[in-house]
Amino acid sequence: MSDQNRNQGIRLSRRRFLQVLAGSAGALVIGIRMADAADTDAPLPPSLLGDTFYGIGAYVRIDTDGNVLIGVRDPDTGTGVATALPRIIADELDADWNRVSVLSLGLGVSNNNGQPSWIYGRQVGGTGGSISAAWADLRQAGAVARWLLLQAAARRLGVPADRLRCESGTVIALDGRRFTYGSLVEDASKIDMPNSVPALKTAERYQLIGNPAGDVDAREIVTGQTRFAIDQQYGDTLTAVVVHCPWPDGSLDGIDFTETLAVKGVVKVLQLNPEAGQQTGATLSTIAVAVVAEDTWSALKGRQKLKLKWKPGASNSESSDTLEQQASALLAGKTDPTTRVRNDGDIDAAGKKAARRLEATYFQPWLAHATAEPMNCLVRVEKDKATLVVPTQAPQKAWAVVHRLTGLSPDQIQISVPRVGGGYGRRLDHDYVAEAVMLATNKDINKSVRLIWTSDQDLTHDYYRSGSVHQLSVIIDHKRQITGWNQRMASASTLVNRGVPDSRLWTSEVDVDQLPAALVPNYRSDWYAQTSTMPRGPARSMPHLSNAFAVESFIDEIAHSMKEDPLDTHLRLLGDAREVPLSGGGTFDTGRLINVLKLVADRIEWKNWLHSVNGLGIACWHFNGAYVAHAVEIATKDQKLIVQRVVCAVDVGRIINPMGLEGQVAGATLDALSTALNLSITFKDGQIQQHSGKDYALATMAQLPDAVEVITVPGDRDPAGASFLAMPTAAPALANAVFRATAVRIRRLPLTRELSRLS
Amino acid sequence: MALAQAHALPATTDTIVPDKIRDGIDLQINGEHYRHTGDPQMPLLWYLRDVLRLTGTKYGGDHGENGADLVLLNGKASSAISAPVAKLANVQITTVEGLAANDGTLHPVQQAFIDEDAIGCGYCTPGWIIASVDLLKRKKQPSDDDIDTLPNVCRCGCQTRVRRAIKRVAAGKAGLP
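Residue numbers (numbering that gives the first Met the number 0), protein chains in the order written: chain A, 0 to 758; chain B, 0 to 176.
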C-alpha cells in the first residue's frame, strides 16, 4: 500500500476513511480504515478478508463469482434496516439484488491506545436514525466500488470510463460488450481509490431505492432458521436465570438455596449486586440472585426452590397513584416550573384579550417495553478475550459495560449482534449484559454463560416510560383565532442519572418544537420534574407519544367548543404552506403536514364526520423531519368498541423501501392502538403490579383493525426514519373518534378501561 | 494347516446379559423419532431448544402469553412451554422447522408470510405461522372473525399483514404475484 491515495482513502468523518482492502481470492473489498497511525499499519485480521463470510469487516465485498456481500452496521430490531441499508449501497453500486447477501457486522471496534475507535461510526438501531445516517455516508461505499469496477473495465477495453455504464452487476460498453462485476474485481482491487467520492447517482437512475423489497431474512425467519441471541450458545455454555428484588432499591435479607443446589443440573447460585457510581442502564438497576445450571429447565426448577427474603428500600412507599396525585398538585400549585421549555410572545398579555378560554388535563400511564425476545446475553470470557452475542440496540454501549467489568482492551471484546426480537428503547440499556458478564467472570463458573430473563423479570424490572400529567389551556380571541397556548406537564424524567445535565432533563419529556409551537404567537410550555425510584428509560417515540395524545385531543376539544370541524381547526392553525424554523434546528414544513392530514381525511371520507353513524377522528404530528396523520373510524356494538378503519399517511421524504415503510407504519399504528387501548404499568408499595402478559396484555387480533390503510407520500428530500413515526397520532385519532361516537371524552389512557369507567 | 480363526468364540462362557431396557419417552418430532431420558416434566419447549437445539420455537412468556412457543401437537396449535414431555408420547409434534417439504418447498403459509412481508422483528413469526397452519386446516376459508381467534400477540404490529397472508393462502395465491 505505497500509493498515497490508497493510504488516505476517502474521508467519511474526521477519523474514518473509506478504503480498498485487499480481499483474498481476488475479491474487491471496500472497507473502513481509522485515521490513527497505529491502526494504519495494523495487520488486518484474517477473518476480515478471508473467504469466510463471518466477521467481514467491510461494507461491500464483491467476489470473483459475482456474489456481493454487504455488511449492515446497525442492529435490526424489526425496523427493516437489514434490508434498507444494503439496498442503499447496492443501488449506488448497481448490483444485482438477487446476488446480494447481507451480513450483520456486529460491533466494529479497534484499539486506540486503550480507547475504543468505532470502525463503522454510529451503530444504533431502533431510534429512527439509521436510514438518515446511511444516506449520508453509506452510499459512498457503493459509489466507490462502482467507480473502481468501471475503471477496471475501461482499462481492459481501452476506452474512457465515462463511455461505460453499469447495470445489475454488469459493466456495459457502448458497443454492447459486457463484463460481469465478478470478472472485474481482481483488476478493480488493484486500482487506486479516487481522490474524492465519485458523483452519486441522481434519483432517476435509482433501481432499488423506491422499489419494494421483502425482508432479507424472511425465508430464514419463516422456516425457524434465524438465530436470535437467545437461540445461540457455545459448546460448554451454562444457562442462568435470575430473580430480582421486587423493590428497585431493596436488599437481600436472607437466602436459603440448599434445595436449589439439590436440583439435578444446577451448578451454582450467585448474588448479583449493582455497582456503585454507575449510570442508569450501565449496571444492574436492582439486586438479583442467579441460578446457573446446565440447561434452562434445571435453572428454572432451581429458581423455584430458592427461599429468598427481600428487604424493601425507601421506594416501598411509592405508588403510581401517589405520583400522579403529586403531579396534579404540582400543576395546580403556584411553584415555578423546573424548566420553561419554550416561551414565545406574551401569553399573559394575550390572556387579557381572550374571548374564550379552554382548559383540559390529560393523564398518561407508566409503560413497559414488553419485547418479544426477553433480555438475554451469551458471553464467554477468556484471559485475553471476551466473546458475546448480545441482543442490543447500541452495541457500543454494551461494549462499555463489558470493558468496565473485564478490563480487557477495546479490541479484545467481540460483540456480535444477530437479528433482535424487538427493542423499542429497552435495549439501549445493558443491565442484562452486566449480569451475564458478572456471572461469566465468576471464578467458580469458568464457562461461557447465557443469561435468560423470564417474562416476569422483563416486566417487573424494566426501564419504564414515566406516567405524566399534561395540563393544556388555550386562549381564543374574538376573531376565533388561537392566540395563546399553554402546556404544563409533570413527569419523572428518563434522563436522570444518565450523564445529562439537570437543565436538559426535560428533553426526554417534551419536545420544544411540538405542535402547535411556532404556529401560535403566544406559546408557553413548562415542565415540572417529579422524582421516583422506579427505573426509567428510552421508550418508543418518546416524548411524542404522550404529548401528541394531549395536544391532538385538546385541538379536537377546542374544535368542539367552537362548534367547528376539527379538520378546519387544524387547517386554520397550520395556516399557509410554509417553512417555519425550528428551535431544535431544521424547519417545519406546514405544507407537508397539511398534505398528510388532507390525505387521511379524503380517504376516510371526513366530510361525513358530523353525520356518520360511526365515530371519526383525526390527528397529525411532525418530528424528526417527518410528517404523519391518522384518521380512525370506530363503531360501538354491544358496549364494545370496534376499530373499524384506520388510515395513516406519512411523509418521510425519499422512500427507500415502500414495502418496508408500509410495514413500519402499519406496525407502529397497531402498537400504538394496542398500547392506548390496553396497557398500563402500575406500582404500589414500590412494587410493579403487572407480572405477565396476562396483566400487561397487548391487543389481540380481535381488538385491532383488520387493515391499516397506509398512504406514503413520495418525496425527494433526504430520507427520515420511519420506525416509530406512526406511533404518536394513532391514540388521539382513536380517542377523538370515540368522542364522536359516544360523546365520551377520553383524557386518560388506557382507553378501554377509561371508557368503561365513564360510560 | 488349519485356518486361523478370525472369529474365535470367547474363551470364557459367561452369560451374556442384554442391555437393560432404557427408560425414556419416545417422541415424534417433525417425522423423526427421539427418546427423552431426562426429567419427564421438562416442558417440550426446553426439550426442543436445549436438547435438540431446534430453536425456531421461541420462549414466549412463562405461560406462552405471546404465542411464540406454539407447536402443532397432532395438528393442533399448542403451547410448548405448557406441555411436559411426559404427556407427549405417541403425539405427532411439528415445529416450524418441520413445515417445509424435504426438498425445501415452503408450506403455503410460510410462503404467504414472505409474500405479504408479514414479519416484524421475526421473533414471534414462527408462532403466528403455526397458529395460521392450524386455523387453515380447520377452516379452508376462514372469515375475519375466525382469524380474530388467533391467540398470538405482537408488539411490532404484524397482525394486519398476517391476516392478508392467511387470506392469500385461502385464495390459493401463496407464491403468486
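Rather than coming from a laboratory, the hints here were simulated on the basis of the structure.
A couple of the hints might just be wrong.
To be verified - Result set (PhoX-like, lysine-lysine): computed pairs, CA atoms no more than 25 Å apart in a straight line:
1) Lys136(B) <-> Lys86(B)
2) Lys352(A) <-> Lys267(A)
3) Lys86(B) <-> Lys263(A)
4) Lys172(B) <-> Lys136(B)
5) Lys138(B) <-> Lys304(A)
6) Lys263(A) <-> Lys308(A)
7) Lys693(A) <-> Lys172(B)
8) Lys306(A) <-> Lys263(A)
9) Lys75(B) <-> Lys138(B)
Note that the coordinates shown come from a computational prediction; the quantities given were computed from them, not determined experimentally.
Here is what the structure says about each hint:
1. Lys136(B) <-> Lys86(B): 24 Å, holds
2. Lys352(A) <-> Lys267(A): 73 Å, violated
3. Lys86(B) <-> Lys263(A): Measuring from Cα to Cα gives roughly 21 Å; hence the hint holds.
4. Lys172(B) <-> Lys136(B): Measuring from Cα to Cα gives roughly 16 Å; hence the hint holds.
5. Lys138(B) <-> Lys304(A): 44 Å, violated
6. Lys263(A) <-> Lys308(A): Roughly 24 Å separates the two Cα atoms, so the pair holds.
7. Lys693(A) <-> Lys172(B): 36 Å, violated
8. Lys306(A) <-> Lys263(A): 18 Å, holds
9. Lys75(B) <-> Lys138(B): Holds - the C-alpha atoms of Lys138(B) and Lys75(B) are around 13 Å apart, at most 25 Å.
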